[in-house]
Amino acid sequence: MWLSTPFRVLKFNCDAFFYVIYYKSDAEILIRDSKGVVVNRWVKSFFFSSSLMAEGRTLCSAVSYAGSRRCQNVIFESDCL
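Residue numbers for the sequence shown follow the numbering used here, so the first one is 282 and each next one is one higher.
Straight-line alpha carbon distances no greater than 30 Å define the calculated DSSO-like cross-link-like pairs of lysine-lysine that follow:
| no. | residue 1 | residue 2 |
| --- | --- | --- |
| 1 | 292 | 325 |
| 2 | 316 | 292 |
| 3 | 325 | 305 |
Just the calculated beta-carbon pair ranges, DEER-fashion:
| no. | residue 1 | residue 2 | range |
| --- | --- | --- | --- |
| 4 | 348 | 322 | 16 to 26 Å |
| 5 | 321 | 288 | 13 to 23 Å |
| 6 | 284 | 304 | 31 to 41 Å |
| 7 | 285 | 330 | 35 to 45 Å |
| 8 | 319 | 353 | 13 to 23 Å |
| 9 | 326 | 357 | 15 to 25 Å |
| 10 | 289 | 328 | 29 to 39 Å |
| 11 | 332 | 288 | 33 to 43 Å |
Just so you know, the hints here were simulated from the structure itself, not pulled from any lab data.
Ideal Cβ placement from N, Cα and C applies to all residues, glycine included.
Input sequences plus hints: build the corresponding full structure.
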């Protein structure tokens, strides 16, 4: 369930899907504003040996993305770590 954020705060919802057979994972980051409107979304593939590594890399990617866009008021959310 998505909960709203304070005014002018972005929420980065991070999730990763791990495919054991292929050691492949897909990372998804969904960015919403305080009204719940999707501001941006991206999906990227990685090769890792565990779901924990995939989730960690997804969260690191979200932090990197926020930093590169100079986002100041953000919340990072993951269902794994």
